[in-house]
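Chains as they are written, first to last, in our numbering: chain S, 1 to 501; chain H, 1001 to 1118.
By construction, these hints were calculated from the structure, which means they are not laboratory data.
There could be a bad hint or two in this list.
[Stated by the list, open to error] SDA-like, lysine to any residue: derived pairs with alpha carbons at most 25 Å apart:
| # | chain 1 | residue 1 | chain 2 | residue 2 |
| --- | --- | --- | --- | --- |
| 1 | S | Lys443 | H | Lys1065 |
| 2 | S | Lys68 | S | Glu33 |
| 3 | H | Lys1042 | S | Ala441 |
| 4 | S | Lys443 | H | Lys1110 |
| 5 | H | Lys1018 | S | Asn448 |
| 6 | S | Lys456 | H | Pro1070 |
| 7 | H | Lys1110 | S | Asp476 |
| 8 | S | Lys319 | S | Phe293 |
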Amino acid sequence: MLEAIKNSTTELRFTGNWFIDAGILGFVNLMEEVYGWDLEKIQEMIIKEPEKVYYGFFPIAFVYYNNKLTNKESKKPRCEELNNILGNLSSKNNQEIFDKAWKFIIKNYFDSTKGRVNLRSKGLFFYFQNFLFFQPSWKEKKQKEGFQEILGLMELKSEVLKNIDRTVNKFLPSADEFSNLPYTKSFIEISALKQILPNSNFIFILTFPFAFIPIRSEKDNMFFYSPNIDLTYKVNKKLKTYIKEMEEKRPYDSIFRITWNAVLDSVIETESIWSIENMYIITYTLGEKQKIFNVMYVGIPKLQASLLVDDVIRENLNKNIQFRSKNFKGNGYCWLIEEFIKGKPLYPIILSHANLVLNEGVSLKKDISLYSLIVEAKILEFKTKNKKNNLFSADYFDNYKFLINEIKDEVRFTSFRASHINQISEDINIKKRVARELFGALKAENKNIFLNILLKNLNEASNKYSYNNLNNWIYDKIIETDVSWKMYSLILIMYLLYEEV
Amino acid sequence: MNENAIYWQKVVGNEKIKINLFEIRKAAIEVFKNESDNYKQKLVYNLLETVKNVDQSRFFYILLKTINKPKENFKELWDALEKNYDVMPEEAFINFAYSIIIGIMATYNKKEGGKENE
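Extracted from the complex, chain S is given alone in its bound form:
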């Protein structure tokens, strides 16, 4: 963002630090809320007249937004009007622009009884209790100086800005908590920040909360983050609508599901599969005394995201599957996409599902299970094969397209070959018995016993049919591979159980 001030041909850009980037997005959100500019328009404005945006439009928008929360009749600043006030400057003097803006602020949002600009830490600004100009004891002159410090128009005086730590933002560690680090008072030092933010412009501190979307109450907040500003902006915008819809219609829907819908919609809409980089969902609850709790960072790794962009794979994983007994108190179902994105293995869930099919007569979800297991097997095989390769391999930049193809081919191949196991007997009870024995061995992760039971039963039935396809498949998928044999074995058990449901 602040590169733009230095070099007016540079547009608004993320820095890669989620905390600063949240501030940048918050800045965009605030400007959009007050002036109705979308990201594209803001980029245009910033390229054209960055000084006017940062030192003129921004402080006015910030103060107005704060006033609006307590006084609905606050004067809304209009673009044309501000352009007239700020626009006729002969030189592009930052201080001059800010002075004009401050004049506008005093004219419209000044509380003469208190001798200060009306700024309260209410609502969204709860976060800023006792922060700089929010303190009730700060009069107008001091408030102005505070703004100037943050905008980089004045040398930093306030202790709170010199050490950017917990006092500025509750997500940051506090110096007290890390007393064994005597070298620095905070982890984000001004000198380091200046490298990223060349004009010592700390707008992000003020706009940080605007990036978050309140869920259900003002204190529960969430924010979707990816290192790409366009995607982040689009997804968060969609999330706002989706969350509102959810609150009205489906109050028990999971935030995770909604976020993922928003991500996919944005990606598909903009056909920008390339933009799936590492993504995160950050949520927190704001409590008493500005303490934050329930903080959760959920990462969405690129590998998983790339696979889910594929329609067929996504549709098959975008399902709930029962994995706990009816008697289980609580949610007995699992939404596979959620587990998958969180990087948790799907195999144990499908194993539990198969257990329920065997013992509680739950109906088998064959296709979902098949896809889940093959996706997992292929990822495992891929990771083992590429152990020595760099993370940023050609596959990474190709969005793992070959892996998607491999998964689909394997599903076709395996569903054809493994289904032959069904011919082992015509008697459902025999098949069920075999399935139960195999399941026991698989649960114990004993490959030897699993194969022994399997081959013994096939051997006994050897006269009845020829099962060359199955024979090759067992060799390829179970005997030869030590990495993913469990997944394929479970598929085999599922095909044994399939016909009877």
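Once you've looked at the hints, dock chain H against the given chain S.
Positioned in the frame of chain S, the structure of chain H alone reads:
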């Protein structure tokens, strides 16, 4: 096929054991295809029992006794065994043994010139 998967490797001491599972299975298919199914079925049953108990010496005793017939054509499997046999850790042995067993089983109903099994 993933060529890495053909080999089973494990370092024992400083030696690397390298087993070509694919070759072993192929040899088993080749040499057992002309044997009768009933005979193979019993053989497979016996071999499975030994693997179940992870009894390497018994496994090789049965296997070698079976193919110790100079007048019959077991040469391909002899060669494969000569190349790949070693004293194996349990994991390797299991993969090795099942490759042979599943190779034998792949030849059911395949007897050339013979009567198809009922």
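Outcome of the hint check:
1. S:Lys443 to H:Lys1065: violated, 36 Å
2. S:Lys68 to S:Glu33: Status holds; Cα separation ~12 Å.
3. H:Lys1042 to S:Ala441: Measuring from Cα to Cα gives roughly 24 Å; hence the hint holds.
4. S:Lys443 to H:Lys1110: Given that 25 Å is the threshold and the Cα spacing comes to 35 Å, the pair is violated.
5. H:Lys1018 to S:Asn448: Given that 25 Å is the threshold and the Cα spacing comes to 20 Å, the pair holds.
6. S:Lys456 to H:Pro1070: violated, 29 Å
7. H:Lys1110 to S:Asp476: holds, 20 Å
8. S:Lys319 to S:Phe293: Distance of about 30 Å is beyond 25 Å: violated.
In the structure shown, a violation is registered for the earlier hints numbered 1, 4, 6 and 8, in ascending order.
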